[in-house]
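> As a plain string of letters, each chain reads:
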Amino acid sequence: MTFEWIQIPYALLTVFIILNYGMIMTAIMQKIGARVGGRYGIPVWQNYIDLVKNWALRTKITHGVMFYLGPVFRLTGGLGLILFVPTIYGSVMHQNFSYSGDLILALYFIFFGTLGMALGAGESGHPHSAIGVSRGLAQVTAAELPLALAVFSISLQYQTLNITEIVAAQQGSIFNWTLFTNPLAVIAAMFGFVGTMMRSPFDVVLAPQEIPIGPPTEYHSAYLALMQTNRVIFPIAKTIIYMNLFFGGATGWGAFAVKVFALYFVTVFIGVVHPRFRVEQSIRFFLKWGLPVGILAIMAV
Amino acid sequence: MSLKDLISPFYVWQRAFEKPYTQKRPIEDRPGAPRYRGFHMNSEDCIGCGTCESICQNRAIDMVPVEGLEQRPGDSGLRPRFDYGRCCWCALCVDICTTRSLHLSNHYAWVTEDPDAFHFTAGTDPMPWNENSLGYRRDDDYHLLVHDRIEMEMLGPDESVRGFDEVMKGYTEEQAVLEADRCVECGICVATCPAHMSVPDYIRSVRKRDYETGLRLLYETNPFSSTCGRICTHRCETVCVMGYQGDPIAIRFLKRAIVDRVPAERYREILGDDVSDNGRTVGVIGAGPGGMSAAYYLRRLGYGVTVYEAQARAGGMLRYGVPSYRLPDDQLDKDIDYIRSLGVEVRFNTLVGRDVTFQSLLDTHDAVFLAVGLNQPSALRINGEEHPRVLSGLKVLDDVANGLDPGIGRKVAVIGGGNVAMDAARVSRRMGAEVTVLYRRRIEDMPADPDEIHESQAEGCTLVAQAIPVEIKPAASEAQVTIVWGEAEMVADDKGGRPRPVLQEDRMHEETYDCVIAAIGQGGQIDFIPSDYREQIEFKWNKFVPGDYQQTGLAKLFVGGDIANSRADAISAIEDGHHAARGIHRFLGGSADA
Amino acid sequence: MKDMDKSFKKDTETEFPLREEMRPHQVTAPDGQVIDIDPLQDYFCQEPPKVHAKSYFKIVEDFYNWARAHSLWILGFGTGCGAIEMRPLMTPRFDAYRYGIQWRPTPRQANLLVISGYLSVKTLKRAIRAYEQMPAPKYVVGLGSCTINGGMYWDSYNTINKFDEFLPVDLYITGCMPRPEVLMAGVLELKKKIKEGRADGANRYVENFEWYKANQKRVIKNWNMPDYNW
Amino acid sequence: MSTATDLLERFGTNYRISEVNEQKADLTFFKVPKDQAVRLLRELRDDAGYTHLAFLTNIDYIERGIFTLNYMLHNYDTRHTLGMHVDLDRDNAEMESIHNMWAQAATYQRELREMYGIRFPGSPRLDDDFCLEGWDQIPPMRKEFDTAAFSLARFYSRDGRGTEDPREHMKQQLYPTHTDDAPEGGN
Amino acid sequence: MFEPTPQVDLSSGKYLKLWQGPQHPGITGNMALELTTMGDEIVDCKTHVGYLHRGFEKLMERRTFIQNFPIVCRIAVPEPTFNEYLYAAVVEELTGIESPERAEWIRTLNLELMRLASYLMWLGGIGAAFGQGTVYQWTVTHRDYILDLFEEMTGARVYHMYIVPGGVRGRLPEGFEERCNDVLNRVEKLLFDVEKVLFNNFVFKKRTKGLGVIAPEMVDQYGITGPNQRAAGFVRDLRRDAPYLVYDQLEFDVITATESDAYARSWVRYQEMHQGIRMLRQCLERTPREGPFQARMPNVLHWEVPAGETYVKAECTRGEYGYYMVTDGSEYVRRVHVRGPSYTHAIALMEKLAVGTNIADTAGLMVSLHTYPPEIER
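Protein chains in written order, with the numbering used here: chain A, 4 to 304; chain B, 68 to 661; chain C, 1439 to 1668; chain D, 9 to 195; chain E, 1261 to 1638.
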């Protein structure tokens, strides 16, 4: 696949669509969660308003360069993930910068944002941030382990590291999806998915009760707006990867919307039900349940 | 970790399909409950007693004057203003409100930018919730005050009618404390009391069983405390805030409770009346309550006081007009003797105009206080009233007081509705007569003390209201007299005054009695004042119209008592005396602050 | 109170120094490196606050104000009893989320400080810090009578009476306790005020900074922090 | 024959117990001298079953110049409560600490130190701020401390208030010349 | 037993000083925990209270006896009624006033409703403290339904000021029983849901089992009362041991557990809510509809209570709540001491239990002890 300049506006368009989709979808998810609690929840456009509000705040206090760069890194992680992952299979416009080794890059980007965040939050000097970061890194690492194993498993299965090719291999019938061809890997990957989406029971990093409020404690106004933007892009980008790898990708925006929604909903479905684990409990959980499944998945292939 | 623990939590999703608990319109959907304690409302019944202010532990209530209030008796003209920067909506003010005028609405929202805006006078300031009909009201069965008066032991009507023993036994100490405890100490009564006695303060001293302080407080404004503790017309009780929901405090009897517990010989020591002569003298005409009161306060200021009394004993109307079952002589003597013990000289049997001239008084004294009272019975102004069996009420009482037989017979009609009429009726009952009282207006219009009316009825007097005497005719026997009277209808007065009785010509009655006692009022006798002086003095309806400090146009002459006021009761006379004493002192160059 | 017994009087001059961990000190890292730490420099911003100008274009400012009004993030700091009626507000019965109101646990992300009732002196100190850490434009709502004139604690030795002496207040809600509905009404009122661009408490605070600080120091006797600390 | 009398008789030989007040069937107050108090507390706890310290507080009798500490002990088996009073000198109040017997006593002692100025040597964190912070007055719970005056002086009250006494107001309105301070005055 | 805290050298870099509160979502009311941590483990915990100190005991000394009645309820914000009852009871005992039977029943009804509401709030709190926000949403709403009942009965949602010395302030409103029963049914249904969601949740169990174990011998040493004590296996409940009001006429079980950890404490409270509903139903059935609800009172404006002293206690949701009052025969009280169970639970006990736990568990631990800071500092 060769690079063409037209891909840049195309990719930006993809980002734009995903951003808006994410804004509205996360709001709807919140409304669903609220419904379980017995209330109506936020308006669907609330995320936009919050974003504007945060951009419009007049005070911006910085605690140093890294503090400033933290959200930027974080957003870069989210954007990078999208940019290097084909969003719609078979569409030239939304192919983004997918290339032969993009799976590895994607895995890297998943982690990149978190690391950037860690630096920024560390710079903010608030002990809650530091604690949140250490929790976050530990937990994400543990949660990514099953995912890494699952990815290893399917790259063995499909003999490629290119996401587009993996998606291509799943086309045709629903039973070509990795979900059915390699269910163990999917289960292992879902451990990682649920574990990194920052929802109960694995959201102790951001928990307001256990320690307020984790890494973003000191972030506000525009910094926070950047992070908010990332908060809607990054999970979707991640969901796209899962969709591509395990659920047959999407051939159009309709399928994309449905699949992302459904996948995202899995975390909500689990999230509203459970209290949250402590960090070491969730790590133990991943090591005890996620890791063996991942290893089994590799062995199965 | 069992499978059940894994699956059972997902049960929460069941609630996702239920209707949310949310209220669509959060502000309008839930008005305060009918009993909600919201913002304050105050009705027109409020009299500004300030009890709400005194119970408020947050000092959230100020009593402030309100413009444009109609001046009513027993209304302080103040209204509670609430500071919602202080209020905690405990509604104790509502619970304690003596008139039940204060309520809470169920309105509860008040949001402003200005922190100084949270003041308002309930009931008069236009607030959005003034028309609210719901909200907290005190439950009928819930009281923070004691509404029932402590009953005093008294002679039953059967017993009392048999003699001249004092009817009211007076409170025991425990009863007095309990009764005093009911007082909310608002002070509304002080303005209504003609003498402006510091009622709440002496009631508190009863509650604290501190009778010495009580006596000092009484004597500040009233040297006839023992007397007033029995027979005062207690206007204070008519405005007492406790009367709005129950019985007013027995202010009169609490006064008596103090004096009954202080022996006369300790008065001087307690009151600390240390008299030193200042060299000037004042003449007082009449040893009634007005005269003696003036004498007391003048004497305290150091004036030499000489009282000229026509009768053989002091006390005036108290002595000769009030029967001893209401005011035993020894109690009156207790008061008068104390005043005399300070050095007030009383010249008995000295009638001004006969034994001594008015002019000589003016010459010998630096000032003269005149309180001769009303001792001339008013005429009935009907035909035949000169019949010998038509007696005057005053005469009857006078005779009884002096131990003479008034000769009333067995069947008596009393005409009038004032205290004299009631006294005459009850005295007649005690002398064994069957008594009918005829009164022009309704019973509730009677000027007599309600207690008196009630007691006279209890003692067996028949009260006939709306009965206008028309004529008096000689009866068959000379020892009897016939009275013709007609029933009256009350007709509303066009000019807004009180309803007038109008004689119904077709409903006339005729009855024969052993005597008719006329007690419809008295007039004064001031012929002794030379006419050139009289021209300088303002009169109205044969009574003095005194200026400030009871002074008349004749600068040296101060007047007071029944002859100078329209209220015609002892306590007013006492106040006139006190007021005049201050006026005289001021006139003679002292300060009025005495 | 002049001849106060020295034995139990605490001397404000000597007994309220900076807390130990607030003073400059050295920390040895696990690898043996010695690091100088001046917490006041590190944790606080020493820069004095500034008045923040409005947008140049009115229409932009109006748009911003609209967004601010519809995205009020309340600091989860219940200072007094009023906090208990703020819970129903954020739960299904009243569901303030519908109005863009959210609960933020950190002052850095909050725009609205609801002083829910009385403020003890000790809490006042924290409330001031929390307020100063909030990014402008920020709003303060005084909930309950206690913030207006002391309420039922008007004679308490440990609660302040007039809250507007210490922080600029945009709105007062009377009541004790005010129902959640009133709080809601207050927030809606505040929204109106924000949309009209009149909620400029943050700037008022900066403009009268000396006055506010003087008042704060009059009451908070152990002032062991810098004046500027956001 | 109640538990309390029994008990106090038993300890009466070794301790100077006075002012026994049987308030109700399950509550008795008594007083011991300061030097015997902690010993008795220990004995009550270990031998008599009064294992629960409900609270420890102090009463200020300013007119008598004493503080009276009250240790409220409860026996779960007999369901009887004992209130033990100990008088302290108000001007130099010091008492032996019991933080080694009950853990929560240290908190009570801290509170008493702050609120009354009573010293309990050895009690942990005794001089740390408890409820107050930056307090520069006499301990506030002492009777001579006037909280209303202090509040007014330090926290101010909002302007715009002012009240009238109904009695005085009516006097001014209705009968001014009868008042002692009549408008025209004398002389 | 008091144990000196280990000396921690902060400058060694091994430890981190961490403040939780006073502004902290995991704590009811305001309180600060000064934690010294090593990694995620707490090595030292100091509590700081006083953020809500209003000096009630001082204020009460300068208010008359009736004026004290509205302020006492503010002492424990989430559960004001117990203050009202105890204040009324202590004044009644010293004055010899006896509140009528009808008032006693209404009081019991009031207290038990309050207990239920307070527990509901706590139930939401324990859910929220461990991240189960949904339960919090439900319970706070259902608590609100109970507050509606209070509003109807007393005229206010939170500070009822209803139990006045001498009785209660008003009769039950018309149709109160049906509405109350309706709410009770709803709450009961909710409780079963909560049991499924929270108590049968493996995450919740993992978090709470073994957290903050109170050894039985600590109970008396730390003055632990209430459910915290019962969860440690002690069958002690003042409603049964020293019955007040009409508790001797009500049927209920004293719930106990043995594990004495956060889960056991929660479970005991959860079961007590069911007992509360049971008692409430009995109250609704048996509260007299006729008769006086207030004893004859003196004029409260200058109410002098005879000299004396007494201590009255009641079992509130957190344990033994007590009022100790000394009077000297004047219109003002000489001394009031309010004994709140949180006093020992939140300070001495919390400082002890927090050591060795994970930072993430402090909020949960605190909630599992069920403490209300306003009643600590008063």
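Honestly, the hints are just simulated from the structure, not real lab data.
All values reported here derive from a predicted model rather than from experimental measurement.
A hint or two may mislead.
[Stated by the list, open to error] Here are the simulated DSS-like pairs of lysine-lysine, each with C-alpha atoms no more than 25 angstroms apart in a straight line:
id : chain 1 : residue 1 : chain 2 : residue 2
1  : A       : Lys-63    : C       : Lys-1659
2  : E       : Lys-1469  : B       : Lys-71
3  : E       : Lys-1465  : C       : Lys-1659
4  : C       : Lys-1496  : B       : Lys-91
5  : C       : Lys-1631  : A       : Lys-63
6  : E       : Lys-1465  : B       : Lys-71
> Each of the hints needs a verdict: does it hold here or not?
Evaluated hints:
no.	hint	in the structure
1	A:Lys-63 x C:Lys-1659	30 angstroms, violated
2	E:Lys-1469 x B:Lys-71	17 angstroms, holds
3	E:Lys-1465 x C:Lys-1659	46 angstroms, violated
4	C:Lys-1496 x B:Lys-91	34 angstroms, violated
5	C:Lys-1631 x A:Lys-63	23 angstroms, holds
6	E:Lys-1465 x B:Lys-71	12 angstroms, holds
Comparing the model with each numbered hint stated earlier shows that hints 1, 3 and 4 do not hold.
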